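A.B. asks: Join the two chains, each given in its own frame, into one complex according to the hints.
Residue numbers (this note's numbering), protein chains in the order written: chain A, 429 to 907; chain B, 6 to 238.
Since the hints were derived computationally from the structure, they do not count as laboratory data.
All figures in this text were calculated on a predicted structure; none of them were measured in a lab.
A few of these clues could be false.
[Unchecked claim] Capping the alpha-carbon separation at 35 Å, the derived lysine-lysine pairs in DSBU-like fashion look like this:
id, chain 1, residue 1, chain 2, residue 2
1, A, K871, B, K155
2, A, K905, A, K891
3, B, K173, A, K802
4, A, K864, B, K155
5, A, K482, A, K780
6, A, K434, A, K588
7, A, K871, A, K905
8, A, K482, B, K220
9, B, K155, A, K891
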Amino acid sequence: MEPTTKTFNTAASRALADVRLQQAHEVVYNGFHRARIAAAADTDEWEAQRTLGKAIKDHTIANLDYYLEMLADNVEKNGGNVYFASDGEDANSYVRKLAAQNDVQTVIKSKSMVSEEMGLNHVLETDGIEVVETDLGEYIIQLAGESPYHIIAPAIHKTKEQVADLLAEESNTARQETAEQLTRQAREMLREVFQRADMSVTGANFAVAETGSIVLVTNEGNGRMATSMPRIHVAAMGMEKLIPSVADLSAMLRILIRSATGQRISCYVTMVNGPRAHDEEDGPEEFHLIIMNNGRDRLLRDESLREALNCIRCGACMNACPVYRKVGGHSYGWVYPGPIGSIVSPVFTGLKEGHKLPAASSLCGACHEACPVKINIPRMLLELRSQTAQGDPDPAQRASGFGERMTWKAWRQGMMSRRRFDAGSTVGKIVTSPLKRDGWLTKAPPPVSGWTASRDFPAPAPKSFGKLFAERTKAVKDD
Amino acid sequence: MPKVGMSVVNILESRGIEVHFPPDQTCCGQPAFNSGFRNDARPVASRFLDIFEATEGPIICPSGSCVAMVRNFYADLFRGHPDDLARAQNLSSRIFEFTEFLVDVLGIDDLDVSRDTDATYHRCCHLLRELHVDEQPTSLLNNVNGLDIKPMERDEVCCGFGGTFSIKMSEVSTAMLDEKLDNVQATGASTLVAGDTGCIMHMQGGLRRRGSDVKVVHIAEMLDAKSDLRRCN
Numbered sequence: 429m430e431p432t433t434k435t436f437n438t439a440a441s442r443a444l445a446d447v448r449l450q451q452a453h454e455v456v457y458n459g460f461h462r463a464r465i466a467a468a469a470d471t472d473e474w475e476a477q478r479t480l481g482k483a484i485k486d487h488t489i490a491n492l493d494y495y496l497e498m499l500a501d502n503v504e505k506n507g508g509n510v511y512f513a514s515d516g517e518d519a520n521s522y523v524r525k526l527a528a529q530n531d532v533q534t535v536i537k538s539k540s541m542v543s544e545e546m547g548l549n550h551v552l553e554t555d556g557i558e559v560v561e562t563d564l565g566e567y568i569i570q571l572a573g574e575s576p577y578h579i580i581a582p583a584i585h586k587t588k589e590q591v592a593d594l595l596a597e598e599s600n601t602a603r604q605e606t607a608e609q610l611t612r613q614a615r616e617m618l619r620e621v622f623q624r625a626d627m628s629v630t631g632a633n634f635a636v637a638e639t640g641s642i643v644l645v646t647n648e649g650n651g652r653m654a655t656s657m658p659r660i661h662v663a664a665m666g667m668e669k670l671i672p673s674v675a676d677l678s679a680m681l682r683i684l685i686r687s688a689t690g691q692r693i694s695c696y697v698t699m700v701n702g703p704r705a706h707d708e709e710d711g712p713e714e715f716h717l718i719i720m721n722n723g724r725d726r727l728l729r730d731e732s733l734r735e736a737l738n739c740i741r742c743g744a745c746m747n748a749c750p751v752y753r754k755v756g757g758h759s760y761g762w763v764y765p766g767p768i769g770s771i772v773s774p775v776f777t778g779l780k781e782g783h784k785l786p787a788a789s790s791l792c793g794a795c796h797e798a799c800p801v802k803i804n805i806p807r808m809l810l811e812l813r814s815q816t817a818q819g820d821p822d823p824a825q826r827a828s829g830f831g832e833r834m835t836w837k838a839w840r841q842g843m844m845s846r847r848r849f850d851a852g853s854t855v856g857k858i859v860t861s862p863l864k865r866d867g868w869l870t871k872a873p874p875p876v877s878g879w880t881a882s883r884d885f886p887a888p889a890p891k892s893f894g895k896l897f898a899e900r901t902k903a904v905k906d907d
Numbered sequence: 006m007p008k009v010g011m012s013v014v015n016i017l018e019s020r021g022i023e024v025h026f027p028p029d030q031t032c033c034g035q036p037a038f039n040s041g042f043r044n045d046a047r048p049v050a051s052r053f054l055d056i057f058e059a060t061e062g063p064i065i066c067p068s069g070s071c072v073a074m075v076r077n078f079y080a081d082l083f084r085g086h087p088d089d090l091a092r093a094q095n096l097s098s099r100i101f102e103f104t105e106f107l108v109d110v111l112g113i114d115d116l117d118v119s120r121d122t123d124a125t126y127h128r129c130c131h132l133l134r135e136l137h138v139d140e141q142p143t144s145l146l147n148n149v150n151g152l153d154i155k156p157m158e159r160d161e162v163c164c165g166f167g168g169t170f171s172i173k174m175s176e177v178s179t180a181m182l183d184e185k186l187d188n189v190q191a192t193g194a195s196t197l198v199a200g201d202t203g204c205i206m207h208m209q210g211g212l213r214r215r216g217s218d219v220k221v222v223h224i225a226e227m228l229d230a231k232s233d234l235r236r237c238n
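Just chain B, with the same shape it has in the complex (with noise of 0.2 Å):
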């Protein structure tokens, strides 16, 4: 999703924040991790953790799983290899999820963005309960003028993505994730705003099914006034 990453520097940068993007970048290792086969994950965690160790400055990721997954499962991917263990240690204090950063270190919770719509919100799984992040997007989405945000039932539970659980258990999945769209449906809301993509996709992925018109975008284009918050793809 491209378009996320686009309106994340577009953000920063209205903030005066000048951005780099180490161009070699691949994957934190969560996928591998998550299925089990930590022998693949931890290579590519090491390799993430080598060019990020290489920048300087705070991280960004507007996605609160790949947080996650540095902050606190690098602890479990590299028991038993100290050396990589005390860096990931050291690189997770530079790393922040999105609206983390914008509330927590730059204190800014009101972006004086203008939206005409409606939109209602479903609270990700691993920034709710992983990262304890819940106040700074709500504060974040609440300070947007004009946004009519409308409440939905059980925003706090699962869409049924969970990474190659969405594939292995299928069906299950499916099931967790027509509860999250009737819940998204019933509130009359055109557009549904998430902070993390993997949720984003799946979301999306079953209201395209379904044959509804609620778009699902991501919170950083929620919050770039250059956004055009067309459907994320």
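Chain A extracted, bound-state conformation (with noise of 0.2 Å):
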């Protein structure tokens, strides 16, 4: 997918526009937010577990040399490939060459984030094949041709009379009205496909190391269809994604679906070891797991950053956070949006064309308390503002204005002494003096344009602190 990180703004300022569009991110904070945090009040020893996920994923990013071995070993044992993948574009290889050697007709596609990042359906339609995706959220925005809104619900910036309208376009048959009637209608579209595909590729929300199992958590059921069906299956992970034990596992699902729906469990955990052995009935043929780069060795290698890599995108810090629910999914420009998406983004895509994310926080720290895995993402926001003002390895990835940094300069200045800080003061009572109005501005040059455009902005006070309190100390002496 290519990147559009820098017309964050821009993308923001018309999704603050839409009515509709504000009005669906209400469903964020009242559905997911709200069903998150009474999964966890509900749930025994929910800190401990958030920990205890913490503990896992620091051990596995850790050793991830030495797991993703035992996963690549694991899986070849059990009858699968493993590929790995520098970036995007080598995945894709990887499996246009798997269905032109099978000649492949139809691709069904199980939900997957890392197919976004290679932006495989596209590719894929480009060489002739079918690709239709089976997450019921997938496919509506497929039918859409948009990208996904959020990580977990794809298509919750829909609203159920657009959902009517596309399934209506695409099947030929009568418009529906009601949810059950819609989802019915989609069903039996995609049961059709189903049955013709001939390889599938999923995602995988987590890779068990011990066992070569890589591991689906669905709600629809089309996870299971998509693994079993077709001829092919190929899985798709980012290289953070895995775990080294199946007891590990036990502890990663109790708090990524909890943390994603607020369920205790989701309707369907598919774990899959490979294709389909000599003795069993049904199964694919082949499979193979891709296990994707794509820029995950720069979080690896940045001790600052690395943290990033622990995350099992629930999506809990795009609900929790109050920025995402004013831009949407769409500003942020890349595949993965909020919070999280404003650490891996920019380091994606560089800071240059991404600094833009992690700028677009108040860093009030809703997503680093939902976060299940306890990621401090307020403190890599803050350690990325730093690589784009001053400090990035890179000084082409350094983004600073020239006028941003004399700002500083000057700022430090002024800090730097008690009388030039008050000597500052004292300007800017005498600047604003002649615009104040009871002690308010309403109106005020650049940057302070950008406050005062909305909201008044108080002018210096006619004493500081500092004056007073000598003030009062002096006169309680001279008493």
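C.D. replies: Listed below in structure tokens is the structure:
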């Protein structure tokens, strides 16, 4: 997927002006966010569960090479193939070759964010292959020609009426009304595709190193269909998505599902242990696991950002984020929106392209509080801001403007001496005094004009606290 | 907001505590740090350490955000600067947010103050989620005689201030503020109480622009019997 992270501000303005989108965002707080809080409150020792989840991921990422090798060995032992892809193009060419070799006509997909990174659907369609998403939300946005709005609920921004139009147009059948009717309609449309598909491409919520299994968490059963019906199953995962053992899986599923949807367990949890064995009656003939880097090594190398690899893609940070709930998923301009996307995307695109995203945060900490593996997202956003301003190891990626750099230099000069600090306040008082009305400014020059466009700004107080305190201390002494 | 500082002084002195104000102090460095300009923030933060290292006793700050800067973020600011890092770690055990100091250190959650008004409380982000100071201000407010506290929807959600975020991402910040102010006004309370000066400035600025009479006060003012609770400016 081509990033458009640079245009965050204009995309955000558009979303803010869209009344219908703003209504859709309410579902994120009232539905998902509240459901997560309720599920956490209902779980014994929730904080201890989060601590355990963080420990499992910390350990795995610290020993990533060891566990990746274990995973690859075990997948191969189970009769599957493993491909380490350096980037999206590399992964795409693997799938294309596989499809060509096997004369694949139709590919069905179960939800996979890594395939969004790859832009796989488009590439396969260029080769003349039919690609159909089978997760209902993904299917809807595929019909609409859009990208996922949210990693768990890709079509959350679509109304029932829009879905009805899309399904009616695609199926050439009557337009349906209720959610039940629409689901049935989509089910009938997809059932036919399931039956003729040659190949499936799925994601992986987890890969278990010690057994060589991949694990899919779904609510619609499409994951189970996609991994059992077509001849060939390809799973694509980010190289950070593995965990050591089945015991760890139990701990991780507990926090993933509660954090994602507030359910105690999803309707389906599918474990895939490779292709059909000799004594088995169903399952795919071939199984391929694509393990994707695509910039993740940059996170791994940078100690201050490494924790981002602990992410289990539950979406809780998006649901908790007051910025996401205003600007929506498409404003972020790449595959992963919201707080975690604001770390992952700029590292993928480079800060020159992606620096708007770490700036798009009030640092309120709601994401950190919601994260099931306690990723300190605000800390990493600050880290990326610092790399943008001054510290990126690659000077070409530093994206701060000359004016901004000078402003902070001047600020520093002012703060390094109380005399200059007071002098600055005096100047501020003089400059603003003709503009203020009962102590407040309704208009101010840039950069404060960004504030006064919608809010009054307090004029400097007549006397500083330091002065008031000194006067009072003197008065007490004189008494 | 000099009035906030004076209310802090009044309350501490009423409990027999001698208050000093190192007159040379300026800033902890947070604005530059939050904007990514760590090279500019670092000397200012280092100067903060110099000034407060020369003092004794607890350091009280009526702003959760500034305390969080010293306690949580100096570790990142001074990464690779071991001397300042060690100094920061020493100093951070002495610094307290105002309500945290009253309740956790002095053991006071009732200041025996009376107010004949209603109010609603906004739980400021850094106080709540960086310092985990939440029960302290709540119990102090609950123990104000006669104060009618109106519960607010989404009182834990950010007001959209976020320092330079409010200017750099003005539109997004304003949308967040609008949601917050709708929830404030829906309580019908005449007064909004909060614990962080940046958020107070933001919310009061927004309420004024709306033409609302709701006044925003710092919790120290609400708890200070000598304060007239006039609009903060």
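A.B. asks: With reference to the structure, classify each hint as holding or not holding.
C.D. replies: Hints and how they fare:
1. A:K871 to B:K155: holds, 33 Å
2. A:K905 to A:K891: holds, 20 Å
3. B:K173 to A:K802: holds, 28 Å
4. A:K864 to B:K155: holds, 32 Å
5. A:K482 to A:K780: With Cα atoms ~31 Å apart, A:K482 and A:K780 stay inside 35 Å; holds.
6. A:K434 to A:K588: This hinted pair holds, its Cα atoms lying about 31 Å apart.
7. A:K871 to A:K905: violated, 42 Å
8. A:K482 to B:K220: violated, 43 Å
9. B:K155 to A:K891: It holds: about 33 Å lies between the C-alpha atoms, which stays within 35 Å.
Taken one by one, the earlier hints fail for this structure at numbers 7, 8, listed in ascending order.
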